[in-house]
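*Asks:* In case you want the letters, here they are:
There are 2 protein chains.
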Amino acid sequence: MIINGKDWRTIWLREDGVSVGVIDQTKLPYEFKTCVLRSSEDAAKAIKYMIVRGAPLIGVTGAYGLMLAIQKDSSDTSIIYAKKHLESTRPTAINLSWALERVSKKVLPLPQTQRRDAAREEAALIAQEDISVCESIGGYGLQILKDISERSSKGTQEPINILTHCNAGWLATVDWGTALAPIYKAHRSGLKVHVWVDETRPRNQGAALTAFELACEGISHTVIVDNAGGYLMQMGKVDAVIVGTDRTTRAGDVCNKIGTYLKALAAKDNSVPFYVALPKSTLDWTLIDGITDIPIEIRSEKEVSNIRGQLIQEDKKKEIVDVSLFPLSSRAFNPAFDVTQSRLITAFITEIGILEPNENSLRRLS
Amino acid sequence: MIINGKDWRTIWLREDGVSVGVIDQTKLPYEFKTCVLRSSEDAAKAIKYMIVRGAPLIGVTGAYGLMLAIQKDSSDTSIIYAKKHLESTRPTAINLSWALERVSKKVLPLPQTQRRDAAREEAALIAQEDISVCESIGGYGLQILKDISERSSKGTQEPINILTHCNAGWLATVDWGTALAPIYKAHRSGLKVHVWVDETRPRNQGAALTAFELACEGISHTVIVDNAGGYLMQMGKVDAVIVGTDRTTRAGDVCNKIGTYLKALAAKDNSVPFYVALPKSTLDWTLIDGITDIPIEIRSEKEVSNIRGQLIQEDKKKEIVDVSLFPLSSRAFNPAFDVTQSRLITAFITEIGILEPNENSLRRLS
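Protein chains in written order, with our numbering: chain A, 1 to 366; chain B, 1 to 366.
Careful: at least some of the hints might be erroneous.
Heads up, the list lumps identical chains together, so a pair's fine if it works in one copy or across two of them.
Stated by the list, open to error - No more than 20 Å apart at the CA atoms, straight line, and that leaves these computed lysine to aspartate or glutamate pairs for DMTMM-like:
1. K84 - D322
2. K280 - E101
3. K268 - D284
4. K237 - D293
5. K33 - D117
6. K27 - D322
7. K237 - D289
8. K27 - D289
9. K237 - E301
10. K105 - E359
11. K27 - E101
12. K317 - E15
13. K302 - D322
14. K192 - D16
15. K237 - E297
Hints in this document: simulated from the structure, not taken from any laboratory.
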């Protein structure tokens with residue numbers, strides 16, 4: 001998608017053919033910078049420190065990370081070690097282990113001399129498939145948005161209001177995004193949309209990334225604090241909620257950014273449809289009950305106590321600084337995800353179409 | 001309550017007998033400063049810019065503001081003008097108009113020469129009554145917490161976990177607080193409590209004020225982002241939610257800080273009892289349906305886009321600065337309150353005891 005008038009992807013094989021470029025998402029929205037990953041350690045760090053984030057993009061970065069490891073040492077030991085190391089960086093998103101498994105399954109049966117090229121091809125294929133999947137999700141989601149617009153008493157001249165949580169936009173994938181893909185498709189097809197962007201504390205991916213994406217594409221949007229969504233639904237100002245997912249059980253329970261569950265409850269309470277954009281790669285067929293079975297990553301309490309922003313002071317350089325929001329005399333606790341049970345979900349928007357949130361329906365993705 | 005080992009109230013008549021002292025709550029938790037109010041304009045500004053905040057304290061500040069106006073000019077015109085001006089500062093909390101009405105009703109029938117003393121007495125009485133009301137709420141709430149602790153399978157040796165939103169502590173009142181009064185009473189009576197403190201975006205009154213209050217009193221607490229409460233309830237880590245209210249309809253619908261509604265939904269969904277600490281002064285007998293009838297204050301979008309904190313930079317002065325969280329290319333929307341309908345409330349903790357959330361029961365307060 002577009003940044004400063006130029007078309008970008010979040011991750012790419014660089015022209016040298018041996019290193020990988022990524023957009024540094026920790027600097028957005030104030031600075032647009034890219035990083036080079038030259039080793040699997042670089043890739044692991046990029047995931048761990050959230051230079052790249054978003055379940056699909058984490059998966060693709062993992063795949064390229066394994067490729068980088070194989071370039072240095074194509075032995076079984078090297079591959080198994082790198083896979084384990086990359087897998088340990090973020091525990092919740094299933095895409096990471098899925099992509100690592102896929103690359104290693106592809107290369108391990110091959111002679112060492114062929115592993116390098118095979119890994120590169122497989123990583124590129126995973127990236128390309130991710131783009132296709134997102135485009136398909138966008139297409140099916142667009143149909144939902146068109147239906148909402150047509151049924152709306154406001155008429156098609158008024159924008160429909162979509163609320164989204166965190167960033168499941170193109171920055172969370174290679175291109176297009178999952179939850180935002182239908183919005184991009186809608187905007188490009190001339191359907192009027194307005195997006196309520198949850199800021200998404202503690203890391204503010206909504207305010208920093210989703211708002212940035214939408215601004216770059218010229219899509220009407222408004223940032224709100226995470227507390228405000230319930231009020232907007234009570235006031236009839238939300239026509240649909242669309243979010244992403246980091247891991248989905250076969251029963252249709254969705255693990256997504258912390259706070260998603262609260263929006264699902266409010267949507268249910270106000271009869272607002274609640275959609276989850278679901279690439280097949282986020283499905284974990286081994287799990288049923290999301291609340292008891294999905295490991296929830298607990299991140300640093302500093303993400304709660306400290307925040308990054310641009311200094312607002314006259315006559316001073318507009319520096320990016322970290323500030324602390326409360327003193328060390330108070331501790332913090334920082335779970336990164338919560339689980340939204342299938343009973344709260346209207347439907348899944350997948351690459352093969354709209355699916356009901358139950359095991360029978362999800363089987364169509366297997 | 002205690003700050004730095006000394007007992008404080010949030011508002012007091014100063015020794016000169018003609019000016020009013022308040023704690024400047026915009027500087028907490030990093031700086032403890034007090035302000036002097038010498039005119040009703042000072043009082044109006046203190047309310048408007050949230051130097052004082054919290055429905056009960058806003059009411060008391062309004063009463064003292066009217067006293068300050070009468071000290072300068074005790075004519076009917078002056079009183080009516082000051083009342084109107086003070087009332088316009090914050091539209092949602094009912095306590096403000098309630099307290100202003102009470103003082104003006106007291107003084108307007110009197111000859112001008114007696115109005116000054118009468119206003120001072122009435123304001124002091126309102127402040128004193130607020131303290132008594134909060135203490136009573138604390139006492140009744142303590143009984144609830146004791147019952148929870150005794151019924152708990154964890155036994156009384158494990159702390160009970162209370163989640164609270166925003167600041168309905170003593171800083172929101174004259175002393176003791178509403179939602180936090182039961183927690184202070186519990187702590188002083190030796191009952192083990194731990195408080196989950198919602199940071200409460202956009203103004204972070206939880207992280208800045210509630211955490212500060214609890215730290216000063218030595219009460220175990222943990223700050224969480226507003227998104228995290230649902231997860232904690234799913235995990236069984238919340239034994240009760242207690243919040244305050246800015247305005248309550250006679251049907252028992254509660255208007256409180258934005259985001260309260262989302263926590264009430266999560267509490268209901270996880271069978272966690274949801275209590276509202278309700279001083280009689282927040283009841284608006286003229287209203288029934290909270291969602292359609294209560295005016296919701298929309299505050300500046302800068303409260304969403306900008307945040308205040310202490311610079312974290314080595315070798316630099318630990319300045320308090322404002323930073324912006326996203327560029328001006330994105331707009332924000334900032335409703336300050338939402339409505340939690342009575343169907344989501346377990347009970348009201350009031351100064352006359354525990355009341356069911358319905359009109360019949362609330363009538364006992366009239």
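*Asks:* Each hint: holds or not?
*Replies:* Each hint, compared with the structure:
Within a single copy, K84 and D322 get their C-alpha atoms no closer than 32 Å, and across copies no closer than 42 Å, so neither meets the 20 Å cut-off. With identical chains, the CA atoms of K280 and E101 are at most 20 Å apart within one copy only, with a shortest distance of 15 Å there and 62 Å across copies. In the homo-oligomer, the alpha carbons of K268 and D284 never lie at most 20 Å apart, since the shortest distance is 25 Å inside one protomer and 29 Å across protomers. When the C-alpha separation of K237 and D293 is checked against a cutoff of 20 Å, the pair qualifies only between copies, where the shortest distance is 17 Å, while the shortest distance within a copy is 35 Å.
Proximity of K33 to D117 under the C-alpha cut-off of 20 Å is found in neither arrangement, the shortest distances being 29 Å within a copy and 66 Å between copies. When the C-alpha separation of K27 and D322 is checked against a cutoff of 20 Å, the pair qualifies both within a copy, at 12 Å, and between copies, at 18 Å. Only between protomers do K237 and D289 lie at most 20 Å apart by alpha-carbon distance; the minimum there is 19 Å, versus 32 Å within a single protomer. Proximity of K27 and D289 under a CA criterion of 20 Å is satisfied in neither setting, with 36 Å inside one chain copy and 46 Å between copies.
Taking identical chains as interchangeable, the C-alpha atoms of K237 and E301 lie at most 20 Å apart only when they sit on different chains, with a minimum of 18 Å there against 34 Å within one chain. When the C-alpha separation of K105 and E359 is checked against a cutoff of 20 Å, the pair qualifies neither within a copy, at 27 Å, nor between copies, at 66 Å. Taking the shortest alpha-carbon separations for K27 and E101, neither the intra-copy value of 30 Å nor the inter-copy value of 52 Å comes in at or below 20 Å. For a Cα distance limit of 20 Å, the shortest separation of K317 from E15 qualifies neither inside one copy, at 35 Å, nor across copies, at 45 Å.
For the homomeric pair K302 and D322, the shortest alpha-carbon distances inside one copy (11 Å) and between copies (18 Å) are both at most 20 Å. In this homomeric assembly, K192 and D16 never come within 20 Å of each other (Cα to Cα): the closest approach is 42 Å inside a single copy and 62 Å across copies. In this assembly of identical chains, K237 and E297 lie within 20 Å of each other by CA distance solely across copies; the values are 16 Å between and 33 Å within a copy.
When the structure is compared with the earlier hints, violations turn up for hints 1, 3, 5, 8, 10, 11, 12, 14 and for no others.
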